[in-house]
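Visitor: These are the residues of each chain, in order.
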Amino acid sequence: MSDDRFLERLRDDAARLRFEPRDAFLWTRLRARVRERIEHPTNVPQMLARWLRPVTAFFLVLAVGAALGITWVERAHESSYVSEAMINSSTPVEITLDGDTFSLAE
Amino acid sequence: MQSAAEVLEGPSLGPLLSLGRLMLAVQSKDDRTQTEADPIEQQAIAAVKKGDAGSYDYLVSKYMKRVVSIAWGIVRNADDAEDLAQEAFVKAFQTIERFKPGEPFGPWIYRIVTNLALDVLKHRQRFRHEELTDSHPAERATSADLPAVSNELARRIDAAIESLPEMQRVVARLYLVEYFDHGEIAAMTGLTEGTVRSHLSLARAKLRDRLSDLYGGSHE
Numbered sequence: 275m276s277d278d279r280f281l282e283r284l285r286d287d288a289a290r291l292r293f294e295p296r297d298a299f300l301w302t303r304l305r306a307r308v309r310e311r312i313e314h315p316t317n318v319p320q321m322l323a324r325w326l327r328p329v330t331a332f333f334l335v336l337a338v339g340a341a342l343g344i345t346w347v348e349r350a351h352e353s354s355y356v357s358e359a360m361i362n363s364s365t366p367v368e369i370t371l372d373g374d375t376f377s378l379a380e
Numbered sequence: 005m006q007s008a009a010e011v012l013e014g015p016s017l018g019p020l021l022s023l024g025r026l027m028l029a030v031q032s033k034d035d036r037t038q039t040e041a042d043p044i045e046q047q048a049i050a051a052v053k054k055g056d057a058g059s060y061d062y063l064v065s066k067y068m069k070r071v072v073s074i075a076w077g078i079v080r081n082a083d084d085a086e087d088l089a090q091e092a093f094v095k096a097f098q099t100i101e102r103f104k105p106g107e108p109f110g111p112w113i114y115r116i117v118t119n120l121a122l123d124v125l126k127h128r129q130r131f132r133h134e135e136l137t138d139s140h141p142a143e144r145a146t147s148a149d150l151p152a153v154s155n156e157l158a159r160r161i162d163a164a165i166e167s168l169p170e171m172q173r174v175v176a177r178l179y180l181v182e183y184f185d186h187g188e189i190a191a192m193t194g195l196t197e198g199t200v201r202s203h204l205s206l207a208r209a210k211l212r213d214r215l216s217d218l219y220g221g222s223h224e
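Residue numbers (this note's numbering), protein chains in the order written: chain A, 275 to 380; chain B, 5 to 224.
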């Protein structure tokens, strides 16, 4: 078979490879989407909002992360300070139960 | 010599497949001639240029199947193809003032959607988002994407085309599946006609080799 004949036969058989949508509403949806976009084009505030929304979200996440980080550092610092204060304290700890006093000091 | 369909499915489906092939050929011919002269199309374009956005619906309805098919053939993903078709129609609408009166709308919208689809391919390559698509694109097309008639033959041809290098694949698909000629493919892809012929020649040699059990080898 010649190259041209091969290509001709292949072309005949390959024609059935054209796209067939699985979704029966694709054509209706596509028409509607195009109509919507050309009849209600995006205006400047909408375009700005589209850009600003992710930027705002980014900074919001950054701020929340920073706030959580600072809180965590402060709490860690406070708890280490309290533990240190308790260890360094020279005052014995006394507990009274039913009139009896128990001391935790050595 | 047996046809490729007979090799795969036996002789009983031969007449049916021949009829199907004939119908596809007639349909394809209709599609081709539709782009050449259509007074309603020219009226719709003129109306759109005057600001009647509603008239654009005629152009969308007429070309959307072919436009989605072209996009799908290049990007191989139904959702992407739908989005690309939408973008192409919107872009064509926004720049319709540049459209020359009297010319068919088809080649213009086909060029727009092809360029958008090729941009998607470049984007995928650059960012390696879809490695599966780049290395084994045929695997993404499920059998449901292909018509029911002679699915096995379609799948074999589809896989052979998808195994080609990128531009050979795109050119082969536009020529074999979408029935565009060399000049039209050149206009759509931005390649020269010589380059299109070269891509097609290389693709043909590879396809002939990979489908030799169906169509016979080059020495037969």
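Derived from the structure by calculation, the hints contain no laboratory data. Do not take every clue at face value.
As the list claims (entries may be wrong) - Reference listing, derived: stretches of chain A covered by chain B, where coverage requires no fewer than 3 residues with Cβ under 8 Å from a Cβ of chain B:
hint, stretch
1, 287-294
2, 323-333
Claimed, not checked - So these bits of chain A aren't anywhere near chain B, every CB distance computed over 12 Å:
hint, residue
3, D297
4, H314
5, P315
6, A337
7, G339
8, A340
9, A350
10, E352
11, S353
12, S354
13, S377
We put the CB at the ideal spot given by N, CA and C, even for glycine.
Visitor: All hints, please: hold or fail.
Guide: Going down the list of hints, with the structure as the test:
no.	hint	result
1	287-294	holds (count 8)
2	323-333	violated (count 0)
3	D297	violated (8 Å)
4	H314	violated (10 Å)
5	P315	violated (8 Å)
6	A337	holds (29 Å)
7	G339	holds (26 Å)
8	A340	holds (30 Å)
9	A350	holds (40 Å)
10	E352	holds (46 Å)
11	S353	holds (45 Å)
12	S354	holds (46 Å)
13	S377	holds (70 Å)
When held up to the earlier numbered hints, the structure conflicts with 2, 3, 4 and 5 and fits the remainder.
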